[in-house]
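> Chain residues, written in single-letter form:
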Amino acid sequence: MSNKKTIATIDGNEAAAYVAYRVNEVCAIYPITPSSTMAELADEWAAKGTKNIWGSVPDIMEMQSEAGAAGTVHGALQTGSLTTTFTASQGLMLMLPNMYKIAGELTATVFHVAARSLAAQGLSIFGDHQDVMAARTTGFAMLSSVSVQEAHDFALIAQAASLRSRIPIIHFFDGFRTSHEVNKLELLSDDQIRSMIPDDLVIAHRNRGLNPESPFIRGTAQNPDIYFQGRETVNTFYNNMPAIVEDVMKDFEKMTGRKYELFQYTGAPDADRMVIIMGSGGETVDETVNALNAAGEKTGVLQVRLYRPFSLEHFIKAIPTSVKSIAILDRTKESGAAGEPMYQDVLASLVDALQQGKIKQLPRLIGGRYGLSSKEFTPAMVKAVFDELKKENPKNGFTIGINDDVTFTSLEYDPAYTLDESEWKQGLFFGLGADGTVGANKNTIKIIGENTDLFAQGYFVYDSKKSGARTVSHLRFGPKPIRAPYLITRADFIACHQFNFIEKVEMLEFAKDGATFLINSPYPKDEVWSKMTGQVQKMIIDKHIKVYVIDATTVARDTGMNGRINTIMQTCYFALSGVLPREDAIKQIKKAIEKTYFKKGQKVIDQNFKAVDGTLANLYEVEYPKTVSAAVHELLIVSKKAPAFVQEVTSVMMAGHGDELPVSKMPIDGTYPSGTTQWEKRNVSDLVPVWEPESCIQCGNCAYVCPHSVIRAKFFHEKFLEKAPEGFASAPINSRGFPETKYSLQVYLEDCTGCNLCVEVCPATSIFDGAKKAINLAEKDPILEQGKKNIEYFENIPWNDRSKIDFSTVHGAQFLEPLFEFSGACAGCGETPYLKLLSQLFGDRLLVANATGCSSIYGGNLPTTPWTVNKEGRGPAWSNSLFEDNAEFGLGMRITADQQLHAAKQYLLGLKDELGENVVTEILDAKQTLESELAVQHLRVQKLKEQLRTMTSSPAQHLLSVADQLVRRSVWLVGGDGWAYDIGYGGLDHALASGRNVNILVLDTEVYSNTGGQSSKSTPTAATAKFAAGGKSGGKKDLAMQAISYGNVYVARVAFGANPQQTLLAMREAEAYDGPSLILAYSHCIAHGYDLKDGLSQQNNAVASGHWPLLRYNPMLRKKNQNPFVLDSPRPTMALRDYAYNELRYKVLTMTNPTVAENLMKHAQDLVNLKWKNYEELATKKASDFVPIA
Amino acid sequence: MNLQTSYMGLNLSSPIVVSACTLSEKTDNILMMEDNGAGAVVLFSLFEEQIKKEEARFIAVQSGTTNTFAEATDYFPGLDDFNVGTEEYLENIRRAKERVNMPIIGSLNGITHEGWIDYSRLMEQAGADAIEVNIFFIPGDVNLSTSHVEHRYLNIIEEIKNNVKIPVAVKLNPYFSAMGNMALRMQNAGANALVLFNRFYQPDFDINELKIKTDLHYSESSEIRLPLLWTALLYGKVNLSLAATTGVQSAIEVIKYILAGSDVVMTASSLYKNGIPYLKTMNKELQDWMYSMGFDDLKAFRGNMSQQNIADPTAYERANYIKILEGVKS
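Quick mapping for you: the protein sequence lines, in order, are chains A and B.
Read left to right, the first sequence gives residues 1 to 1190 (the numbering used here).
Read left to right, the second sequence gives residues 10001 to 10330 (the numbering used here).
Because the hints were derived from the structure by calculation, they are not lab data.
Just so you know, these numbers come straight off a predicted model, no measurement behind them.
It is possible that part of the hints are untrue.
Facing chain B, according to a computed beta carbon distance under 7 Å, are these residues of chain A, among others [stated by the list, open to error]:
1. Thr50
2. Asn1010
3. Ser1033
4. Gly1034
5. Leu1144
DSS-like, lysine-lysine: derived pairs with alpha carbons at most 25 Å apart [said to hold, decoys possible]:
6. A:Lys1181 to A:Lys1017
7. B:Lys10273 to A:Lys1162
8. B:Lys10052 to A:Lys595
9. A:Lys1162 to B:Lys10052
10. B:Lys10211 to A:Lys603
11. A:Lys546 to A:Lys626
12. A:Lys590 to A:Lys681
13. A:Lys610 to B:Lys10026
14. B:Lys10053 to A:Lys772
15. B:Lys10273 to A:Lys603
16. A:Lys531 to A:Lys546
17. A:Lys772 to B:Lys10165
18. A:Lys626 to A:Lys641
19. A:Lys719 to A:Lys531
20. A:Lys719 to A:Lys665
21. A:Lys504 to A:Lys480
22. B:Lys10097 to A:Lys603
23. A:Lys780 to A:Lys804
24. B:Lys10053 to A:Lys1093
25. B:Lys10097 to A:Lys772
26. A:Lys543 to A:Lys504
27. A:Lys603 to B:Lys10299
28. A:Lys640 to A:Lys543
29. A:Lys512 to A:Lys626
30. A:Lys780 to A:Lys640
31. B:Lys10097 to A:Lys1093
32. A:Lys626 to A:Lys595
33. B:Lys10053 to A:Lys48
34. A:Lys603 to A:Lys480
35. A:Lys1093 to B:Lys10026
36. A:Lys603 to B:Lys10213
37. A:Lys1181 to A:Lys1171
38. A:Lys590 to B:Lys10165
39. A:Lys590 to A:Lys719
40. A:Lys1182 to B:Lys10165
Cβ atoms here follow ideal geometry from the backbone N, Cα and C, with glycine treated the same way.
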């Protein structure tokens, strides 16, 4: 066995997966943040043929849900395979039923969990222990690792302990904080791993598997006579487990020198105060304890490694007898409990120990909550907890890290308290998601971590938007292992990768005195000072900051880097930070470039070298005066016109100060106001569309395709122009007979993402420049101020009366007010135009049940949300339950609507005498098909409500509470293909089969978009995706045909980029149909791998190639004895490959495996041909060939 | 029957060479070409702008989708092994060189000064036996003078020749005022062969859609006359290898071109129509014809119908034109 240590800088997910992959034969998973990477890596390794320690390639299986993954794991285990899975949060919840079985059957396995919050009042992808704590009753042992190194080590310790004990284990670490932190660690060699997994245990595990050669039955149904006794049989195993884990840890220590204990105490041997904690926060407490003790205090920390089974013996032994008071910190919340879980365990254990005489007196115990949803947990907070323990009556049930001004649980802390950070070089990098800042920083960590003796740590913070998202990279380097799982607040080096952040983002508040500030600036060194705000100048002067400037964008352009600034900014960091001597640093960066790009060819390497050299030649220090020369002005986050909640709460979140909001400012039940994106002027694009009224044919296409509802149209009487600001653009409307009517198209400049779809779709040519359209992108800055005035004026022009617009055409639909606007979706998103259209068509009576995924994130991720209201205050009512249950969730909404409508009708009839027969009859008999009929019904119901408010009887009050249902509700169940084809398919199928009037809109991107491109059952043949890296060989599920088989389901397959009119028609037909409907909506996506400005033409290609045939199946036609199957697209006019190979998801396979690519493409073409043939046959059949409507 | 020929100093077992086309994108096809008697293969063209576009597209996709969002730090598996642009092309050369013995000729369609030089060098490094530079330039700008256009060609040839040691063929168009003189100047600039001719993409209109049609039509045997004319005219007057391309559908066109003076004859459309094994048929028909005519090798009839070798040299010039017109009148 070689003693040579292998050093790596990887994140916690990779660290854990590295071992898990090597000690398992089967892995069944379902992607869920933040654990997805573990499974993706396993899949990638398997695809490359990496072997486990027994020389075989593990079988990695992506399932349709975590419940499915758990079932598969259970089955594989029961037949003797060493099997694992990776999950988090609600995913773990879906595994619970199987986990009881697996534990009850004493089956060795390890589930690796990147612990995450549970969706409660809101979903959170971030880290805490709510998920694993909810699994603590399953019978799984629970082993907690606190760092990247431990995630690696404990993956092995857990596997070995589970095989020895036969008890399954949840090995967990903190989601994001550990799973996504990049740190330097010592890798275990395959020999080391092998030495911990003895063959006899593996063989024993296999031998316990089901085998027809020696059959037995497991999984019986038991009755009251023996179930209880059967449940107690496992006790011995659990009793033995702590000692087994301890032995494994000792063996591990012998092998690696890294010592772990079940309860690991560090601190003063004679500590008077102690904190008990689990997870990454333990590192923070440990480091703080060292500092406090160095300052003369007597403190200690007990880090819990093995939480289940909770070993009283080991626990008591680990606590110094000197301890007088203990704070137990739980990273979870159990509302209504006597205390959080670990607090209760500690309390029960100590009371038990006292009763048994194992301790002489009970220390003072307090429990507290910290760090929910990755809330920062810092040394300052730890100190506050220890300070609390000094008090005579310390607070029990406290919280730390927030301001609870309602029930006053929170402890105060001094944010200025920090540990000695002098050994570290700390860097903060502010960039955009798309500018490569994070990637470059990850690369920097690798360079320094793997090529020098320095230790490195990197953590990356992203904002909640998918377009124009900001990132902050936190990098630390130092001579010793870095145990600081919290963000940097005092940086030696701050880099601003986007110059406009100077005005928008507080950066220098995190700078140490004498820090270095690097700015990517279009302004030269002599000019840049004058371009900074007064606040920034003052901070620079006060903190004696050294300022450097580089025009990275120009250097990138001049050195052929296609505008990519990441290598340039990275080089600046190496040159300025002093982490390594400059010459050495540049040598290392070039070495890294060679390593990264060696497969891409010498040309790419040379180009990067050129960029590095060009950087050094263009990096300048800025000399600045000692006085502030620019004006200091407060940043206006939202308009003063914004409602109070937005002013007081939303704007604070927008400014990045959400951590400072107290509990009292939070809605108590997760209810937030609609329509808040309008207050967040994000200005993410420098280029915006400019309308040429003279050239425009007023077709409405641009407004229709705009993913962010940035382009809006109104027509109005010319009198409105009298007071219009100068430069307000309009044109005579192009309908004949309305000489006094004008048309205006308004672009909401500050909300535009510059995606260019409007320009692409515009069919008109500019009359001024034949190379241009009637709408073209132009620089925003010169037109912004005028544009703001125009928008303000445009908003005061009333929206056109819906009942007078013919919105059966795309041209007409542009005049409908969008009630879905300015979302954080990707620039050029292919999903949001459908949602916007939905909101335009039915928004004022729309209920949306939204499955978790992209649409729930850009639809509901705070601080601001896009679903909004009209001037009457009506608009879409939107909610997200979970991922898997959305169809059922929406069906529930429908049932409520039906039930309450029924009740309302009953009450109406009962109150006929009081309300007047006419009133009642008109409401009950009202037709509600046309927009004008709906408008009248709205008025009737308003009047009714006014009348009811004057009445005091119980029936009147009841009717008042349900009267709104008398206006026809439009219930839409929205989600992606991951939901509809996979995890939510069972529910979706049931909702369709229910016959109820639910409308299902599937935003089909053919891949899991939100979690990073995993394959779904919608992923087409020959495309690659995660878990189909070798190209998907199976066919795409034909959900349309499945739904059609019911006969009474309205089904449409649409693609707004190919046929916007058909999309519009399908949505209206679906809504008008009094039964279930399903619309499959082709949604181009960044996960397809091309510039989304080509999204519309690619949609067109999808249809033209036959990949996405447009169709409608309308049961109402069948009822009229007509063929209900209508094929809306012509025969394919292009080969599938001509569509597919425009996209990286297909193209990549032609490079990595051309033979397979060719075969799969042929197969895919065959499938397209067959599908088309079958559809054509259906389209030409008689009505009687289809399921009759009852 | 000996079909050996020499092209730019490369020894070929047959004068039939596969011209630049997509069939050579697959190494298996190249192997099949050799097995069926191709003398050499000109690989599919490396288009500089296409590569740059691909590279830019790949980079845009990669940077636009990597580390941009907390839940999805990337989207595409296997990108580490994904090569765009030159590497893919060079890898094709390397693979082909490993598997076949016949010469492999890289084909380069550049746009920038740097591109012509860089990509030629890379092709040479990857093992290409020669380079065919495909100068696809339509001087649509009415301000461009004849001499500007000519210099452009000559500069490209000189630059490439200054940077690579392997032979360079120039695939050119026939639209020079003084084609013969231009051939000579190209020779002086360093070209080792001329490929006659480049069929420029010539658009057609769709009168229903009012759009330009972008379909490609294969060359037909009737199109051989222009290259045939110039091969016959240039043979013996320039110290260059001559390759004829366009309209080669069978051994008949091959024979005609060699009679005119071609060292090699290139075809692609016949292989699209009849499959790669059709090379064998063409070779056989060539041999059968040679046998019937009593020619033992190509030398025996190469250039026999060239201007310098026929009894009536004016047949290629104005006098012949008048004769044809007279014939039509009668």
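> Hints first: check each against the structure and report whether it holds.
Now for the hints, and whether the structure bears them out:
1. Thr50: With Cβ-Cβ at 14 Å, over 7 Å, it is violated.
2. Asn1010: holds (6 Å)
3. Ser1033: Because about 15 Å separates Ser1033 of chain A from the closest Cβ in chain B, which is outside the 7 Å limit, the hint is violated.
4. Gly1034: Not OK, violated: Gly1034 of chain A not within 7 Å of chain B, min 17 Å.
5. Leu1144: Hint holds; Leu1144 of chain A Cβ to chain B Cβ min 5 Å, cut 7 Å.
6. A:Lys1181 to A:Lys1017: violated (29 Å)
7. B:Lys10273 to A:Lys1162: holds (20 Å)
8. B:Lys10052 to A:Lys595: Roughly 22 Å separates the two Cα atoms, so the pair holds.
9. A:Lys1162 to B:Lys10052: With Cα atoms ~28 Å apart, Lys1162 of chain A and Lys10052 of chain B exceed 25 Å; violated.
10. B:Lys10211 to A:Lys603: The hint is violated at about 39 Å.
11. A:Lys546 to A:Lys626: Since the Cα atoms of Lys546 of chain A and Lys626 of chain A sit roughly 12 Å apart, the hinted pair holds (cutoff 25 Å).
12. A:Lys590 to A:Lys681: violated (40 Å)
13. A:Lys610 to B:Lys10026: violated (34 Å)
14. B:Lys10053 to A:Lys772: Given that 25 Å is the threshold and the Cα spacing comes to 22 Å, the pair holds.
15. B:Lys10273 to A:Lys603: Violated. Lys10273 of chain B to Lys603 of chain A sits at ~38 Å, over the 25 Å cutoff.
16. A:Lys531 to A:Lys546: holds (17 Å)
17. A:Lys772 to B:Lys10165: Outside the cut-off at roughly 47 Å; violated.
18. A:Lys626 to A:Lys641: Not satisfied, since the Cα-Cα distance of roughly 38 Å exceeds 25 Å.
19. A:Lys719 to A:Lys531: violated (43 Å)
20. A:Lys719 to A:Lys665: violated (45 Å)
21. A:Lys504 to A:Lys480: violated (36 Å)
22. B:Lys10097 to A:Lys603: holds (22 Å)
23. A:Lys780 to A:Lys804: It is violated: about 35 Å lies between the C-alpha atoms, which goes past 25 Å.
24. B:Lys10053 to A:Lys1093: Since the Cα atoms of Lys10053 of chain B and Lys1093 of chain A sit roughly 15 Å apart, the hinted pair holds (cutoff 25 Å).
25. B:Lys10097 to A:Lys772: Not OK: Lys10097 of chain B and Lys772 of chain A at ~48 Å, beyond 25 Å, violated.
26. A:Lys543 to A:Lys504: Roughly 20 Å separates the two Cα atoms, so the pair holds.
27. A:Lys603 to B:Lys10299: Judged against 25 Å, a Cα distance of about 44 Å means the pair is violated.
28. A:Lys640 to A:Lys543: Status violated; Cα separation ~33 Å.
29. A:Lys512 to A:Lys626: Holds, because 18 Å separates the two Cα atoms, which is no more than 25 Å.
30. A:Lys780 to A:Lys640: Holds, at about 23 Å.
31. B:Lys10097 to A:Lys1093: This hinted pair is violated, its Cα atoms lying about 40 Å apart.
32. A:Lys626 to A:Lys595: violated (45 Å)
33. B:Lys10053 to A:Lys48: violated (29 Å)
34. A:Lys603 to A:Lys480: Violated. Lys603 of chain A to Lys480 of chain A sits at ~38 Å, over the 25 Å cutoff.
35. A:Lys1093 to B:Lys10026: violated (32 Å)
36. A:Lys603 to B:Lys10213: violated (36 Å)
37. A:Lys1181 to A:Lys1171: Answer holds: Lys1181 of chain A to Lys1171 of chain A is near 16 Å, not above 25 Å.
38. A:Lys590 to B:Lys10165: violated (30 Å)
39. A:Lys590 to A:Lys719: violated (66 Å)
40. A:Lys1182 to B:Lys10165: violated (72 Å)
In summary, the numbered hints that this structure violates are 1, 3, 4, 6, 9, 10, 12, 13, 15, 17, 18, 19, 20, 21, 23, 25, 27, 28, 31, 32, 33, 34, 35, 36, 38, 39, 40.
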